[in-house]
Amino acid sequence: MKLHPALKRWESVLALLLIAEILLFGAINPVFLQPSMLLYATSDFIHVGITALALTLVIITGGIDLSLGSVMGLSAITLGILWVGGVDIWVAAVAALAVGTLGGVFNAVAIHLSKVNPLVITLGTGFLFGGAALVLSGLAGATGYEGISNFDPAFVNLANLEVLGLPLPFALFLALTVGFMALLHRTRFGRYVYLIGQNPRAAAYAGTPVFRTLVVAYALTSLMAALSGLILASYFGSARSDFGTTALMPAITAVVLGGTSIYGGSGTILGTALAALLVGYLQTGLQLVGVSSHVSSALSGGLLVIVVALRSLSEMGRVWFQHRRVLRNVAAE
Amino acid sequence: MIIRFLQRHREASVALIIVFLFAVLGLVDHSYLSLDTVLLVYGNSLILFVLAIGATMVMATHGLDVSVGSIMGLAAVVAGLLMNAGWGIPASVGVALLVGLLCGLFNGALVSLLKVSAIVATLGTLGLYRGFVHLLSGGSWIEGLPENFKALTKAGSAGLSPVAWLVLVLLIVAHLGLRYTAFGRSMFAVGDNREGARLIGIRVNEVQIVAYGLNGLLAALAGVIFASQIGFIPNTAGTGMEMRAIASSVLGGVSLLGGTGTVLGAALGAYFMTSIDSILVLLRLEAYWNDIIAGAILLVVLITDGKIREAVDRLLRYQKYRKFIDPQAAAQHGDAAKAATRPLKTALETSEARK
Chain U
102 MKLHPALKRW ESVLALLLIA EILLFGAINP VFLQPSMLLY ATSDFIHVGI TALALTLVII
162 TGGIDLSLGS VMGLSAITLG ILWVGGVDIW VAAVAALAVG TLGGVFNAVA IHLSKVNPLV
222 ITLGTGFLFG GAALVLSGLA GATGYEGISN FDPAFVNLAN LEVLGLPLPF ALFLALTVGF
282 MALLHRTRFG RYVYLIGQNP RAAAYAGTPV FRTLVVAYAL TSLMAALSGL ILASYFGSAR
342 SDFGTTALMP AITAVVLGGT SIYGGSGTIL GTALAALLVG YLQTGLQLVG VSSHVSSALS
402 GGLLVIVVAL RSLSEMGRVW FQHRRVLRNV AAE
Chain A
14 MIIRFLQRHR EASVALIIVF LFAVLGLVDH SYLSLDTVLL VYGNSLILFV LAIGATMVMA
74 THGLDVSVGS IMGLAAVVAG LLMNAGWGIP ASVGVALLVG LLCGLFNGAL VSLLKVSAIV
134 ATLGTLGLYR GFVHLLSGGS WIEGLPENFK ALTKAGSAGL SPVAWLVLVL LIVAHLGLRY
194 TAFGRSMFAV GDNREGARLI GIRVNEVQIV AYGLNGLLAA LAGVIFASQI GFIPNTAGTG
254 MEMRAIASSV LGGVSLLGGT GTVLGAALGA YFMTSIDSIL VLLRLEAYWN DIIAGAILLV
314 VLITDGKIRE AVDRLLRYQK YRKFIDPQAA AQHGDAAKAA TRPLKTALET SEARK
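Going down the list, the sequences are from chains U and A.
Positions 102 to 434 (the working numbering) are the ones given, in order, by the first sequence.
Positions 14 to 368 (the working numbering) are the ones given, in order, by the second sequence.
Honestly, the hints are just simulated from the structure, not real lab data.
Among these hints, one or two may not hold up.
Now the in silico label distances, taken between C-beta atoms and shown as ranges [claimed, not checked]: (1) A:335 - U:299: 29 to 39 Å; (2) A:309 - U:286: 30 to 40 Å; (3) A:335 - U:216: 22 to 32 Å; (4) U:258 - A:245: 40 to 50 Å; (5) U:251 - A:100: 43 to 53 Å; (6) A:320 - U:338: 41 to 51 Å.
Positions of the beta carbon are idealized from the N, C-alpha and C atoms, including for glycine.
Take the sequences, apply the hints, and build the full model.
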């Protein structure tokens, strides 16, 4: 049996799974197949996808960013505080994005300076940024977890705008997917990202600008997290400091399910994008069928475990077959 | 000299920070500086202590478990449901601990047998176990736990509750167990060099699975303590605790790369994380300062620690290659050796032994 090389790729499996999933839910509940339903359901989970796109870069370099959930909250609260302080909403949005980007630069500098595992550093900065968001919202009088609302209507309507018949957040996601694909797979920067993930020492000896590449990767991740925070603020019409706490794990799930190795060095943007849609539609579909949102999150956790275990098993099986073939050839000689 | 000491004993740096924190408290108000405050913070950190012991074991084997928060919630819900169904307290708690053990063993099997990366595997089970929590509880809070059960965490002899005494014993046993028993050492061996550990006859897979299993058991115990302290069980019981547990252990000098760390250090880290909470309350500062202070101190400790380790490494390397860089210094060193009245032969022998 000869398969076309494109079909052997993990992304094709994901695409098939996505289609099968949509058809399955459609068979149970035909409402699910309506285009408007399929398009507008994305607004519930697309912020995870947008963040996951940039997180893919960081994970390919062999790092990870646990602070992105806190950055989402921080950017939303920055927007809220500036708006309450009388700043124009668009200026406030740009400032929120800038704060997010600075957070990412801070991550990269801290990792570079200390040479400590990125997991630990971003765990610390996660507490730091999350704490900063809490302090800001506390100082602004929006005590604890209460939000800041009453935004400019133009900003709140943003999440419901349509671009070419697509909801704006989803259109943004598609555009960013194409942009990140070009960045990772078609530029020198993208090749550096892979090289650093494959072998950081070799990358350094080969003259790769390791530090600069890492700064850009982490800054982009935080920028996308901040953007997601703004999208959430627009979608819900309010800004809260705990916006991103539930987005971190799904974002990592989307990247890993999309075929990126958690050890770095391999992975694609398309895989992450497809996996984000797969997990997102699974949640929406299950809710539509009548399963509670909490149980559906359990199922996506289960899906991650099964998929990763199966991939690991198939890899072990491949190695075993290879060994057996070699041993047989040796025995035959 | 001081740097060397702090490098050898990572626990000491956390202990210093805790002392500093209490000193600040003492400056503000003398009356708070008492054994009562120390015990109050101890009572508040019970859950984190138990989780930090587990995290230390898993991290010693070069693993990571981010599912402990969900295991905590699951165990609490199981114990709560059984008690409300009329089961005795020991039986319900026993079943809850068993559930935690099974969850941990499942994590361990994924990581060691299926070779799934630890963070990915436990990320999956984080969602999975949380889903079980919602399935079992039906989405509602569990209330009306028996008074006897709540009394387990009420202050008793010498200002400590029965559970607090249990945790104290657990901390001592775990610290000594990880330091001085063959099994404890084998966890560090696996984390330091998996292949090497296998070659000296350690059953690598078993050690890993047991480490995760014990971690699950401890997480379940933390869940039971949580239920007893709070008196009811929300569905979100334990969320976010995994990050606090990992942060405590890291602060106490347990390396995520495996092979180093002590339970004492992790416990001090946990004590620190909680003392910020309690001390902010005593200083009448708003509770929302907590995370930013914890994060800032965590980062400062991590970055200085990384810098110190780098400097020590460089110093060692310099001493090793010094004679090639600066021949004169090496010659003087040689003269000094000759000037010493010991016979050449023993000098040679010691230099052989040093290699």
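Quick rundown of the hints versus the structure:
1. A:335 - U:299: 29 to 39 Å: holds, 35 Å
2. A:309 - U:286: 30 to 40 Å: About 38 Å separates the Cβ atoms of residue 309 of chain A and residue 286 of chain U, which means 30 to 40 Å holds.
3. A:335 - U:216: 22 to 32 Å: holds, 24 Å
4. U:258 - A:245: 40 to 50 Å: holds, 41 Å
5. U:251 - A:100: 43 to 53 Å: holds, 51 Å
6. A:320 - U:338: 41 to 51 Å: 45 Å Cβ-Cβ, so the 41 to 51 Å window holds.
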